[in-house]
Every structure is written in structure tokens, then in C-alpha cells.
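Asks: The listed protein sequences derive, respectively, from chains A and B.
Residue numbers for the first sequence follow the working numbering, so the first one is 1 and each next one is one higher.
Residue numbers for the second sequence follow the working numbering, so the first one is 191 and each next one is one higher.
None of these hints come from the bench; they were simulated from the model.
Computed from a predicted model, the values in this text were never measured in an experiment.
It is possible that some hints are incorrect.
What the hints assert, rightly or not - With a straight-line Cα cutoff of 25 Å, these simulated DSS-like cross-link-like pairs (lysine-lysine) come out:
1. B:242 x A:147
2. A:94 x A:147
3. B:265 x A:87
4. A:137 x B:242
5. B:265 x A:172
6. B:213 x A:171
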Amino acid sequence: MDPLKIIHTDQYFLNGLLQNDQAVVKEIYSRFTGKVKGYILQNNGSEDDAADIFQEALIDIYQQARFKELTLTCPFEPFLLLVCKRKWLKELKKRGRQRVTNEPERLSDIGEDVFALADQLQVQEEKAQLFLAMFQKLGERCREIIKKCLGNKPQEEVATELGVSYAYLRKKKSECTAELIRLIQSKQES
Amino acid sequence: MSEYDYDMISRYFEGEMNAEEKKAFEEQLQQDAALQNEVDLFRDVNETLKMKLHPDENELAFRNSLEEMQGEYFKSGAKVVPFRQLRRWMAAAAAVIIIAVSMLILAPWKKDLYKQYAYIEMPPVAQRGTQADSLLSQATENFNNKKMAGSLPFFEAILRDDPQNSFVHYFYSIALLESGQIERSRNELAGLYEGTSLFKYDAAFYMALGYLKEKDKDKCKEWLNKIPGDANVYSKGQKLLKKL
């Protein structure tokens with residue numbers, strides 16, 4: 001990624017999540033759950049909703065830090081809050097509920113860098129959801145083959161597990177991948 | 191793009207090309223922007239699916255720590271208090287009335303009936319060494335040691351790969367119930383009850399227990415009565431009905 005990016009000192013939160021550092025995880029919960037809860041309770045949500053949103057946000061951040069080169073270029077707290085708020089707005093929309101009273105984007109103390117990073121996370125997450133949706137459209141056998149091949153297991157072993165020859169597995173996997181990519185491309189172009 | 195090319199791309203990433211093939215492929219990649227795009231998308235799709243569909247041991251351990259924190263910082267089952275518009279004293283008065291009424295109706299001294307009937311252990315896992323089995327044995331270990339919240343991420347990981355597994359759905363729903371996530375547990379149990387698996391009526395039984403836990407005797411009885419005479423849990427259900 002961009003070598004000129006300046007990493008914020010709060011990066012230790014992300015490192016702590018990646019290393020499953022109990023002290024950091026606890027610090028995140030004790031410092032930030034209150035605000036997320038407050039926001040969601042004020043905006044037609046329950047404590048259960050707040051719990052789900054908070055956990056999902058941390059998992060998204062973890063996954064992207066681990067696999068999508070997400071690094072913290074802004075302070076952690078407003079970033080986490082913005083991610084949670086956007087997730088909650090999306091959930092409300094899905095439920096077809098009332099409009100939210102406190103529009104989060106209007107909060108004044110959020111800097112450009114925070115928006116930029118939250119945008120990055122959102123774009124990646126939406127793309128992942130698109131890939132998953134297209135993956136679900138594949139036939140059962142294709143899904144099974146692709147899923148098994150994602151692991152780090154040698155392909156020969158996967159072939160044995162599926163009860164097919166190695167050559168057949170390669171051919172079939174190639175066909176399934178071609179179909180998946182075609183589905184994704186047709187969605188991305190539309 | 192032909193299918194042969196996807197096999198080629200995949201062999202390129204898996205490091206299965208010999209030096210000559212690799213050199214030729216990389217040369218073609220340099221000149222062919224369309225191929226370059228395909229390769230980028232291929233890598234992105236693979237990485238992303240792996241991230242979403244194949245949480246490894248590290249990620250499961252991480253999710254496990256989150257799950258343990260959740261209970262500590264969020265009260266599950268707590269709903270938004272609809273008293274917002276009332277004055278504080280009215281809310282307090284209402285709370286007192288609710289407590290008094292529930293003392294009368296719900297008979298909290300009977301509460302260990304739930305504990306008495308909810309106890310269950312998962313059968314041990316026959317190890318075959320696949321990833322799903324290692325997840326299942328971790329779920330089982332947590333479950334049987336009463337670390338219900340701790341077992342949840344393992345169940346969830348198995349269900350992501352194998353969403354039709356009714357055995358796992360069944361114990362997952364009990365773990366949810368025991369860790370106080372009643373709504374989610376109910377969704378799971380309703381799915382099992384509507385299906386045709388072996389766990390159909392066991393699910394009805396735990397549905398009844400969920401209501402018993404909330405001291406909703408009528409609903410509890412209603413679910414117990416859905417269990418037909420030839421089901422395994424029938425006699426257990428009848429015994430509980432009598433005690434109610």
C-alpha cells in the first residue's frame with residue numbers, strides 16, 4: 001500500500017486485535033462500548049443490537065487489518081464509532097425503520113482522515129459481500145470445491161477427500177472459478 | 191478468457207509452475223492489461239472468500255475473546271425502556287408494580303425447574319482430523335464445560351461451512367439459550383422445528399424450556415403439547431407438563 005501513509009499511534013489497538021491481546025481487547029470494550037450503546041439506544045435500537053454491531057465492527061476491522069492491509073491513519077475512537085454508526089444506519093434501512101435522529105456524519109469532531117478510513121473499510125466490506133453473494137449463486141458442487149480449495153491443504157488431498165482425481169479437481173475448479181468471476185464481472189459492470 | 195487460463199493463474203499463485211512456464215506467464219502479464227486485470231480480480235476474490243469463509247484458528251481464538259467480553263459489557267435481552275417520556279418517578283413506580291406482579295404470577299421459587307430440565311451434554315467427537323472435526327471438538331469441549339458463550343464461535347464457524355447441519359444447529363441453539371441470547375436461540379429452534387430433521391421435537395422441547403426460563407408457563411405448555419407421543423422427548427415433556 002501507499003508507503004507515504006502515516007500510521008497513527010493508536011495502531012496498537014489494531015495490533016492488539018490481531019494478536020488477540022486480552023488487555024487491549026478489554027481496553028476497547030471498557031472505553032468504547034458506552035458510546036456505541038448510547039448512540040444505538042437513542043436511535044431505535046436495543047442493547048442486543050448494540051452488542052451485535054460492536055462485535056461485527058471489531059471483526060470487520062480485524063479481518064481487514066489482517067487480509068486487506070488496513071492500517072490506522074487516524075485516531076481509533078472516532079473511527080470505530082463511525083464504523084458502528086454506519087453499520088447501524090444500514091441495519092435500520094434494512095429493517096425499514098424510522099429515520100435516525102442523530103445523523104452521525106454531522107458530528108463535528110470527526111476529521112477527514114477518519115472518514116477516509118471508514119470509507120475504505122466500507123468499500124472493502126461491500127465488495128466482500130458482493131463476492132459472497134455471487135459465490136452463493138454457484139451450484140452446490142462448485143461451492144464445495146472452491147471452499148475446500150481455499151484452505152491451505154494440498155490440492156491432492158482435497159481431491160481424495162472429494163473422491164475425485166486430481167486432474168478432474170483442477171478442471172472443475174477452473175470451470176467454477178471462471179463462472180464465479182463471470183458473475184462478479186457482470187455485477188460490477190451493471 | 192478461456193478456462194485453461196484460470197487453471198494457469200491458479201497454478202501461478204500456488205507456485206506450481208516450473209521456471210520456464212513462470213517466466214512466459216510473467217512476460218505475458220507485462221504486455222496484456224486484460225490478463226493483468228483478471229489476475230488481480232482472481233487474487234482479490236480468492237483472498238476475500240478465504241477471509242470470509244475460512245476463519246482460521248487465530249481468528250476463532252480472537253472471536254472467542256470478543257464473545258467473552260460481550261456478556262460483560264452488554265446486557266443481553268435488555269430492550270429499550272419505553273418509559274423515556276415518563277417522569278423518572280413514574281418509571282420507578284411502574285418497575286415496582288412489575289416486580290410485585292411478577293412475584294405473584296411467575297413464582298420465581300420454581301425457577302430451578304428450568305435448570306433441572308435444560309441439562310444436556312454433547313456426545314464426544316470421533317476424531318477424523320478434518321478441520322470441521324477440530325472445530326466440533328472445541329465446540330463440544332466448551333459446551334460440556336458449561337462455557338456456552340465460548341462455544342458459540344466454533345458452532346458458527348462450522349455452520350458457515352455446513353449450514354444444513356441440524357446436529358450443530360441443535361446444540362448451537364441450546365448454547366445460545368444458556369448464554370441468555372433467547373431471541374437467537376428461538377430463531378434456530380424454529381428452523382429446526384419447521385424442518386424434518388431428527389431434532390424436530392427436541393427443538394420443540396428446548397423452545398418450551400426457553401419460555402420456562404422466562405416464566406411464560408402458557409407458551410411453555412403450548413410447545414410441550416406439540417411433541418407427539420412417538421417422539422423421544424415425549425415422556426420428558428409430559429413429566430415437565432405435570433410439574434407445571
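Asks: Which of the numbered hints are not met once you compare them with the structure shown?
Replies: 2 and 5
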